Every structure is written in structure tokens, then in C-alpha cells.
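As you go down the protein sequences, you meet chains D and C in turn. Numbered per the UniProt record's numbering, the first sequence spans residues 1 to 198. Numbered per the UniProt record's numbering, the second sequence spans residues 1 to 198.
Please keep in mind that the hints were generated in silico from the structure rather than gathered at the bench. What you are looking at is a predicted structure, and each value in this text was computed from that prediction instead of being measured. Incorrect hints may appear among the rest.
Short derived list, chain C residues pointing at chain D, Cβ under 8 Å [to be verified]:
#: 1; residue: G30
#: 2; residue: G146
#: 3; residue: R149
#: 4; residue: I152
#: 5; residue: T156
#: 6; residue: G163
#: 7; residue: S167
#: 8; residue: L168
#: 9; residue: E170
#: 10; residue: W171
#: 11; residue: V187
#: 12; residue: T190
#: 13; residue: A191
#: 14; residue: T193
#: 15; residue: R196
#: 16; residue: V197
Note that CB positions come from ideal geometry on N, CA and C, so glycine has one too.
There are 2 protein chains.
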Amino acid sequence: MTAAAARRGRPGYDLESLLRVAVGLFNERGYDGTSMDDLSRRLGISKSAIYHHVRSRDDLLRLALDRALDGLFALAAEVEEHDGGALERLEHLVRGSVLLLVDRLPFVTLLLRVRGNTPAERAALARRREFDGLVAALVAGAVEDGDLRADIDPATAARLLFGMVNSLVEWYRPDGDVRAADLADAVAATAFTGLRVR
Amino acid sequence: MTAAAARRGRPGYDLESLLRVAVGLFNERGYDGTSMDDLSRRLGISKSAIYHHVRSRDDLLRLALDRALDGLFALAAEVEEHDGGALERLEHLVRGSVLLLVDRLPFVTLLLRVRGNTPAERAALARRREFDGLVAALVAGAVEDGDLRADIDPATAARLLFGMVNSLVEWYRPDGDVRAADLADAVAATAFTGLRVR
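Use the sequences and the hints to build the structure in full.
Take a look at the structure:
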């Protein structure tokens, strides 16, 4: 790289690596607490080099949140095409969500902290509500089929189920010794058959 | 109240009501995003009237976090004195935690969002880790007793269990139609016997 190229400040960041650094900063300091100046300092490139890739900070947030949401909806579409009853599809959705969360941990972490302060955040919350609606419908379907217990309100059951899944962002560390597939098994086993020995 | 008293600005706030307003603001804007000026504006009293009750903003945070933590440790002490095996004590701890969370929702919400940026936050995280250790020990004890399934690592099981409990702060609304006791039953039933019909 020539000195001039270094000054121009584009040491090979593509949109993908830029997005990863931005999401890391958003999770560390909050979106509201992260300026484009902060991002430029962390990346070691100029702000104009960042604007080469995205139009605004909100654009970056939207891309990051969509990375999590697109994954969830791709999974929901997969589940939709799945044969089998509501319970089987729900189990598939739960396991798939755990694997997705592990695979896209910083993006899902960001999504779960969104409070709706910006247009990108409100759009993400609307899509999250849509996904939660799909989960609630599957739970209600499985209760109707007689496969899930009817003494727990389906809306509450759906929330507890994904409350457990989503809580992984608080403690799961990709460099730890719990494998993603084992974690998906543990979540599904706990939620559907319970921790107690039968 | 005389005009002079109104100007002095203490329209009957005691420490308790002051603390509730402060916690509400901390949850809304984050602790870092809430200044004593913000708090003074929200309360409609002067900063010196606030300093009549507490020495600093960090003091307020510490009081608020202790409100949640003291409740958890009182519960743990109660469980300690409980006769019965580890599973029975664990179930008691889970139900009690749900009831405590509902009863002290804003305080527990604040506690669960703490990231360790100030001395009060680091002290709270240390106490949380101690509580998590108690939970993990009870889970391990119940596995040893043969009452909880051994195919899920006890540390993971403990985290999933309290992940589900703690997720309540994300959606539980005290003015909704789910009663606290029903919620405690739903959490215990889901975690220990599972959602699936046997």
C-alpha cells in the first residue's frame, strides 16, 4: 500500500468486516452512545471511508438488525414448509433459533437490546413482534393438537420458551466449552420434557 | 404549603418515593444517560433536596440494586433453612424468584441490565455471581440426588432455568392479566416437568 493510499484510509475493510466492528461497538456502548467518530477511531479509517459503504449510522444499525431478523425469518419459512404437526415444527424452530443465535451472536444480542428509539429500531421491533406471533401460533396449535399442556396459557408458554432461548445472549460465550448443538438439545429438552427425571 | 416551602422544593418526597422515580429513569434512559439534573427535573424538586436524602447518584444506584439483591439473598436464606432435598429447595427458589421479580420489577430490571461500569455496578455483579453460584450448587445437588436429569450439564441447566425466570423483565406487565402466582407455577412447571404432554 502506498503512503497516499494509507492516508486515504481504506486498509481493506469491506462492508462485512465494517459491520462486525460496528455491531461490537454498539453492543459495548449502546447505539445511542456510539458516534461515527467513535467508529472511525475504532476502525482506524476516516469517516468518509465509512460513508463509502453506508449512508448513515442508522443504515449500519438497520443492516445489523436485519442480519439477525433475516435469519429468524428464513428459519420460520423453513419451518413453514416442514411436514409434521405444530409441536414438531415448534421444536425445529426452537433448535434452529439456538443455532442461529450462536452463529450470529453479536447481531442477535443487538436485536434483543433494541428499545425502539430510532426508525431502524422500530422497524426491527415490528419484525420481532411478527416472529413472536409465529411462535405463539405454533404453541397454540400444539396445545390444540393435545401435544402441549393446556394448563399454561399459550402466550405465556411462548414467552417463557423464547425467554429461555434469548437468555443465551447473556451468558453464552462462543469460545467456551459448550457446543452449539448440545446447547440446542439442552434447551429443547428443558423446555419440552423438563429438567426433572421422570 | 407556603410559597417559601414550595420554592425550597420538598413536596413530600421520602427516600422510598425518590428511589422509585430514580429507578424508573435509570431503566428508561440507562444509568449513564441519567444525570442528577434529569432526576431533579423529573421529580420537580431541587438537586439539594435530593442530596438531603442521598450523597450521590451512585448511592441511589446502590440502594436500588440492593433492593433487588437483598430480596434474592433473603430468599436464598429462607431456602437454606428449608428441609427437603436439593430439588425441593431449588423449586422453592425458582418460585420465590418469580414472585420477587414481579414484586420488585423495576429494581430487578435495573439489576439485570448492569454491565459493571461503576463501583456500585461491580459490587452488584459480584453479589449476582454469588447468587448464581447458589443456584448452580442446588442444581448440581439435585442431579446427584438423581432428581434432575444428568444429560444436561448442571451449569447450563442452572443458566437456562434462571434465563427463563429473568426473561420475565422483558415482557411481564404488572397491569396485565397474568397473576404472579400463576406465573410462578407456569415457570416451575415448564422448567421441571416440561411443556409437552406426558
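Against the structure, the hints come out as follows:
1. G30: holds (7 Å)
2. G146: Given a least distance of 6 Å, the restraint on C:G146 holds.
3. R149: holds (6 Å)
4. I152: holds (5 Å)
5. T156: Where the cut-off is 8 Å and the nearest Cβ of chain D is about 5 Å from C:T156, the hint holds.
6. G163: Holds: closest Cβ of chain D sits about 3 Å from C:G163, inside 8 Å.
7. S167: Holds, because the Cβ-Cβ distance from C:S167 to chain D comes to roughly 3 Å (cut-off 8 Å).
8. L168: holds (7 Å)
9. E170: holds (7 Å)
10. W171: Holds, about 5 Å.
11. V187: OK, holds: C:V187 within 8 Å of chain D, min 6 Å.
12. T190: holds (5 Å)
13. A191: Cβ of C:A191 sits 6 Å from chain D, so the hint holds.
14. T193: holds (4 Å)
15. R196: Holds. Min distance 4 Å.
16. V197: Nearest chain D Cβ about 6 Å off; hint holds.
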